[in-house]
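Novice: Spelled out, the chains give:
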Amino acid sequence: MSQLLQCPKCHGTMRTYNRSGIHIEQCDSCRGIFLDYGELESLTRLEAQWAAAPPPPPAYGQPGWGVPHGGHHFKHRSFGRLLFSS
Amino acid sequence: MSVATLIPELLRVGQMLAEDGGEPEVLADRPDGVVVKVAEVVVKAHPTGTDEEALCDRLRAASSAMLRGVFLAPLSMPDGTLYTRVGERLVTAWPAGTAVDPQDPDAAPWEAAAHALARLHTTDVTAVFPAGAPPAGGPRRVARAMERLRRIDHPQAKVVRAAYRSLPAWATGAAVAPPPSRLRGLTHGDWHLGQVVALAGSWLLIDVDDLGVGDPSWDLARPAAWYAAGLLPPEVWRRFLDAYRAAGGPALPAEGDPWSVLDIPARALVTQSAALALVTAEREGRGLDEVDTALVTACARITSMADVS
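Residue numbers (this note's numbering), protein chains in the order written: chain A, 1 to 86; chain B, 1001 to 1309.
Bear in mind the hints are in silico, worked out from the structure with no lab data behind them.
Given the structure is predicted, the values throughout are model-derived calculations rather than measurements.
Label-pair ranges, simulated between beta-carbon atoms:
| id | chain 1 | residue 1 | chain 2 | residue 2 | range |
| --- | --- | --- | --- | --- | --- |
| 1 | A | I33 | B | A1169 | 48 to 56 angstroms |
| 2 | A | A48 | B | R1165 | 41 to 49 angstroms |
| 3 | A | A48 | B | A1131 | 52 to 60 angstroms |
| 4 | A | E47 | B | P1250 | 34 to 42 angstroms |
| 5 | A | T44 | B | M1305 | 33 to 41 angstroms |
| 6 | B | A1200 | A | A48 | 52 to 60 angstroms |
| 7 | B | R1238 | A | L46 | 28 to 36 angstroms |
| 8 | B | G1248 | A | E47 | 35 to 43 angstroms |
Counterexamples of contact, computed for chain B against chain A with all Cβ distances above 10 angstroms:
| id | residue |
| --- | --- |
| 9 | E1019 |
| 10 | W1170 |
| 11 | A1198 |
Every residue, glycine too, gets a C-beta built ideally from N, C-alpha and C.
Build out the structure end to end from the sequences listed, making use of the hints.
Specialist: Set out below in structure tokens:
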């Protein structure tokens, strides 16, 4: 199983990587990549899924200058101040 | 007329309008806002220099049928007008409602307030201001706060001024039109949680002084600023936003990032609040408390972000 493939191009040693459930062999010397049967299709499918489902934009969010890690609050004191004109 | 001589005059107006007597109460006695209460009537002296014509239009707007259940309507004076004069001050009378309890943050009516704002923002400006609407407060209030900051000498003032300088001109009260991407509509102009009262089971908006045509997102900017400065818990902020959106509030995109709209007004409100926090601390002869410090620190972050962008 752990039989090492040889790069068909430069005859270097190919190492197996697992990326999102897809095995790829990459040559340690020339960085060339070998895909097994069906693996190119799997990659294409994954790419399509990625493009189809962009992450939803934040519904509440925070501006770039917002306080990191949720803030301080000081519940009573800051609440009282929220009730007055400034 | 001094505050001390104004108060008995306001109480007299209140006693004239109240059905029963009752212990008169002074609710506010700042030079720019004197408010008294007699039984079920509140009487307010508007700041010196209040534009009489604009106040008159704003009182009519608050009385209009379209804002019933949204804005507290003024009481009429015995002669049928909506305001009277005490010395050089314009004076109005209102039904007394129940304010938000400062001791009980958990009971704060965030959803009801968001609904009232959403309804205000969806009301046609020309319907409530047929003769043309005065400008809403918003950016002018930022400029006024910075003006007050200029009159004191506080070591942190430069931090606040730097944040102010990072704002676009239209957000600083300068006579520059906001970009066309900004919404224009009926706007409260100085909204915060102290600007709602409960009356007969409904939470209504109060204070017509800054009501007019403006960018409605400014009415959401105070809680936004407080949240971004770390002073309003995220779950409260979410409740407020959800309720505003659920009520069809037009100032925010229906979904997605609200900060595309709120960023500038919230930065402006942090600056305004920090400026007045320094003015107040100076007047009271004390150091900055945690809330003041959180606001000034937010100013510093605003400036450092503006520097890199």
